[in-house]
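Please model the entire structure based on the sequences and the hints provided.
From first to last, the protein sequence lines are chains A and B. The opening residue of the first sequence carries number 264 in our numbering; numbering runs sequentially from there. The opening residue of the second sequence carries number 437 in our numbering; numbering runs sequentially from there.
No wet-lab data here; the hints were simulated from the structure. You may find that some hints are simply not true.
Mimicking DSS-like on lysine-lysine, the simulated pairs with C-alpha atoms at most 30 Å apart in a straight line are [claimed, not checked]:
(1) A:302 <-> B:523
(2) B:523 <-> A:469
(3) A:409 <-> A:469
(4) A:409 <-> A:334
(5) A:409 <-> B:523
(6) A:464 <-> A:409
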Amino acid sequence: MSHDHEEHVREHDKPLSGPALRVKALESLLVEKGLVDPKALDAIIDLYETKVGPHNGARVVARAWTDPGFKRRLLTDAAAAIDEVGFGGQEGEDMVVLENTPKVHNMVVCTLCSCYPWPVLGLPPVWYKSAPYRARAVIDPRGVLKELGLLLSEDVEVRVWDSTAELRYLVLPERPAGTDGWTEERLAALVTRDAMVGVAKVLPPKAAAG
Amino acid sequence: MTPPNPDLAALPALPRDDAGPTFAAPWEAQAFAMALSLHERGIFTWPEWSRALARELADAAARGEPDDGTHCYEHWLAALERLVAEKKVVAQDELEQRVDEWDAAARATPHGKPIELKRP
Numbered sequence: 264m265s266h267d268h269e270e271h272v273r274e275h276d277k278p279l280s281g282p283a284l285r286v287k288a289l290e291s292l293l294v295e296k297g298l299v300d301p302k303a304l305d306a307i308i309d310l311y312e313t314k315v316g317p318h319n320g321a322r323v324v325a326r327a328w329t330d331p332g333f334k335r336r337l338l339t340d341a342a343a344a345i346d347e348v349g350f351g352g353q354e355g356e357d358m359v360v361l362e363n364t365p366k367v368h369n370m371v372v373c374t375l376c377s378c379y380p381w382p383v384l385g386l387p388p389v390w391y392k393s394a395p396y397r398a399r400a401v402i403d404p405r406g407v408l409k410e411l412g413l414l415l416s417e418d419v420e421v422r423v424w425d426s427t428a429e430l431r432y433l434v435l436p437e438r439p440a441g442t443d444g445w446t447e448e449r450l451a452a453l454v455t456r457d458a459m460v461g462v463a464k465v466l467p468p469k470a471a472a473g
Numbered sequence: 437m438t439p440p441n442p443d444l445a446a447l448p449a450l451p452r453d454d455a456g457p458t459f460a461a462p463w464e465a466q467a468f469a470m471a472l473s474l475h476e477r478g479i480f481t482w483p484e485w486s487r488a489l490a491r492e493l494a495d496a497a498a499r500g501e502p503d504d505g506t507h508c509y510e511h512w513l514a515a516l517e518r519l520v521a522e523k524k525v526v527a528q529d530e531l532e533q534r535v536d537e538w539d540a541a542a543r544a545t546p547h548g549k550p551i552e553l554k555r556p
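Pasting the structure below:
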């Protein structure tokens with residue numbers, strides 16, 4: 264029997280209570296029934312805490328910027344193109360990539376709770392799951408973007424996409440100026456999670472460095 | 437219907453990214469991993485999971501609980517408990533009994549010692 268979870272309990276330095284107690288009870292029943300393997304649970308947690316993150320999405324974006332054929336595939340069959348880069352879907356959900364242009368800005372929300380393109384961005388940040396973002400992204404997208412530090416000119420059309428369990432969205436941000444001839448790796452370092460959710464732009468290298 | 441001119445000033449403020457840990461507590465990670473693991477086992481489909489989660493969120497809203505994103509995993513866990521009961525994987529009373537057993541074991545365990553569930 265694994266004692267990893269007891270370690271967690273001790274770290275918290277207090278008796279089991281509330282949800283922690285219920286999770287423990289549910290897990291022990293599922294393990295006894297042979298429905299979950301504690302090692303598999305630890306592997307999933309490790310995967311999402313350390314290995315899957317926005318750096319995956321950044322590589323997809325950087326490849327789209329440098330490889331027109333890949334970009335075409337990404338915009339027509341995102342799941343297959345992302346699989347090419349090695350980040351297959353975890354949940355079998357479909358994925359759509361939305362291209363930002365000088366005239367169209369896409370932003371992604373999940374009005375339900377937390378649907379998010381996990382395989383390419385990891386787990387969502389707290390603000391993405393918050394009621395204010397979920398409600399306001401739909402009714403006042405420009406206000407939300409402004410609050411998050413992105414001021415868009417009035418002639419830019421803002422499109423808001425509501426994720427579902429079956430369909431996740433990833434924003435392909437505009438490639439910033441001043442990056443001509445850059446390698447995929449160098450470009451990927453500029454791409455942020457917020458840009459791929461569509462609440463920020465990828466900043467040109469000078470601004471990013473300064 | 438959304439009113440055509442919502443009072444934007446009355447909307448709640450957006451929490452800013454704290455770039456903190458992905459999971460606020462170990463139990464959140466455990467609950468997250470259990471749902472993924474049971475889905476991989478084919479216990480439920482992802483649309484079923486999504487509906488179960490939506491139901492918990494709607495219930496929480498109906499109870500007037502604040503919905504600021506910080507309780508997401510509590511709803512997640514409630515959805516998981518209800519779904520495994522509906523799928524006849526873990527019955528509600530079976531779970532409650534086990535919760536009581538772990539509670540008793542935790543209380544009986546001296547501080548700093550690992551909590552063990554005594555099996556007959």
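Hint check:
{"no.": "1", "hint": "A:302 <-> B:523", "result": "holds, 24 Å"}
{"no.": "2", "hint": "B:523 <-> A:469", "result": "violated, 55 Å"}
{"no.": "3", "hint": "A:409 <-> A:469", "result": "holds, 22 Å"}
{"no.": "4", "hint": "A:409 <-> A:334", "result": "holds, 29 Å"}
{"no.": "5", "hint": "A:409 <-> B:523", "result": "violated, 45 Å"}
{"no.": "6", "hint": "A:464 <-> A:409", "result": "holds, 12 Å"}
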